[in-house]
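Protein sequence lines correspond, in order, to chains A and B. Just add 1 to wherever you are in the first sequence, counting from 1, and you've got this note's numbering. Just add 371 to wherever you are in the second sequence, counting from 1, and you've got this note's numbering.
None of these hints come from the bench; they were simulated from the model. Just so you know, not all the hints are guaranteed correct.
Residues of chain B clear of chain A, computed beta-carbon distances all greater than 10 Å [claimed, not checked]: (1) 383; (2) 405; (3) 543; (4) 606; (5) 613.
DSS-like, lysine-lysine: derived pairs with alpha carbons at most 25 Å apart [unchecked claim]: (6) B:539 <-> A:82; (7) B:539 <-> A:146; (8) A:272 <-> A:260.
Note that beta-carbon positions come from the ideal geometry of N, C-alpha and C, so glycine has one too.
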Amino acid sequence: MNTAFAIKIENLSKLFKSQDRLAKAEPVYAVRNINMKVERGQIFGLLGPNGAGKTTTMQMLTTLLKPTSGKVSIAGYDLLKEPDKVRESIGYISQIGGLENEATAIENLVLQARLYGMSKEQALARTHDLVKHLQLEAFANRLVKTYSGGQRRLVDLALGIIHKPAVLFLDEPTLGLDPQNRAHLWQQVKVLRDNGTTILITTHYLDEADALCDRLAIVDHGTLIVEGTPEELKKNVAGDSVTIELSPEEQTAGFKILKDLPFVKDISIIKDKIRVYVECGEESLPLILRTLDGSTITIKTVSLAHPTLDDVFLNFTGRSLREN
Amino acid sequence: MKIYKFIHDTFLIFSRTLLITLRNPLRIIIFGLFQPLCFLFLFAPMLDSLVRVPGFPPGGSLNVFTPGLLIMMAIYSSAFVGFGLIGDMRNGVVSRMRVTPVSRLALLLGRSLTDMFILLMQSVILITIATLFGLKLNISGVILSLILVVLVGLMVSSFSYTIAMLTKNEYTLAPTINLFLIPLQLNSGITLPLSLAPAWINKIALFNPLAYAVSGVRELFNGNFLNSTVIIGFAVVTAMACLSVYFASRTFKNLNA
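Input sequences plus hints: build the corresponding full structure.
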């Protein structure tokens, strides 16, 4: 890899011909003119509702699906011209995984290693490394069909990284996992990132995406709507909110005073509370408290909230992601 | 180097599928052999009285019927291998392997090799049992027959994979396969030899690769190697098997997800 970008996507599109002969529907763009770049060693999140084109994008990037148009380079290789080089450089874990149910984790892993050209000895050694590292010992010798969801997901991850890929694609890796398994999986993903692996991930869990992704792109209806670090994206929306509760008789007075403060972007009364939108909550909160104090207005409660990625999504699409 | 890698990968897939299939040996033996054994016990004896009918091929009833039975088994143990592929497509195994740098053809041929290997085992068992019933064995003829039988298996299994990839759905796969198999089988001379058939049926059979296979195996069982029926049988079946593998691998290459 000779560039700083592990993934470069230019004008990527996928047009699906309608499969439904009765509906005589028009061809549908599952992905439309996506442009993005992912730096090496980053966790990059693709965020969007079901049907937004996240999985289709992943399948194109992992050589499973031919793009209708566009240019993609992965790990420095051209996706269409050097698919085998791309395949050697990437790992892919689909939503459904892909484990052979009638075999053990060890058997799955050894075969996978050998499909990447390792010798029998190398494959066994690498398998045992991963079993130890990902803590699969307790079940690695049982048939996969007996595993729990969390166990399966860890083996999926092991299969995806067995050849130490430069770029790893994870499609909804934590879907359906309990919080403990989610945390364990994310921990492993962070370790991979810290060791230099570039990771492209899709997820429905906004809090996860927020906490773990270095950069994010929001996709909807096959197009990329906005891209940036979680912080940048959230700065774009209304800003932080400070919610203040005053005694009922002082509320109107307090509202008048706060409304004229220069840093207040927006203000509204919600039931017995006043909500003030500001650029930076941490800086504004002391000023708000001091102003109200100086006017001898008594504050009953106060709280500060930062915008979430759901606010970002709402802002750009007019819909909440959580409703999906 | 490339060809070495291809053989290596094919063998890897072959040994993996074989290992998993052999985890249920009873299933293969019982399900695969049950139908042909029924024909051997309950149908073959009825042919004894037909041996003297003008037009019935020489060699005795079992030597006429067992070759057809082998081809029938080749058809039925291969015709529905597509079900396994649909299962693997659905649980993500196929996608996972298609993301690796392994040759697409190796991924498919490895599976077919497993099908052929199991068919070979079944054929040997069936021939052994038929011998107990009075089949007269010509060893070299039987060995050459097995090659022809396995080629028929490759042709039918690749066809089944192609249909599986196109339909992606078990409920469509089975009737689609049967749509082709029933007429091809009835017109192949498997149960009753085509020499008993009217001329127009024989004309249709000219377009049926299975008919060539059955005739070829029959000649081989009677120890006739270098006759035109055998050579044409091999030529037709080999060509059709290659064509079938070609279509399967092309479909596999362009598979969506």
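We went through each hint and held it up to the structure:
no. : hint            : verdict
1   : 383             : violated (6 Å)
2   : 405             : holds (22 Å)
3   : 543             : holds (13 Å)
4   : 606             : holds (35 Å)
5   : 613             : holds (25 Å)
6   : B:539 <-> A:82  : violated (28 Å)
7   : B:539 <-> A:146 : holds (23 Å)
8   : A:272 <-> A:260 : holds (17 Å)
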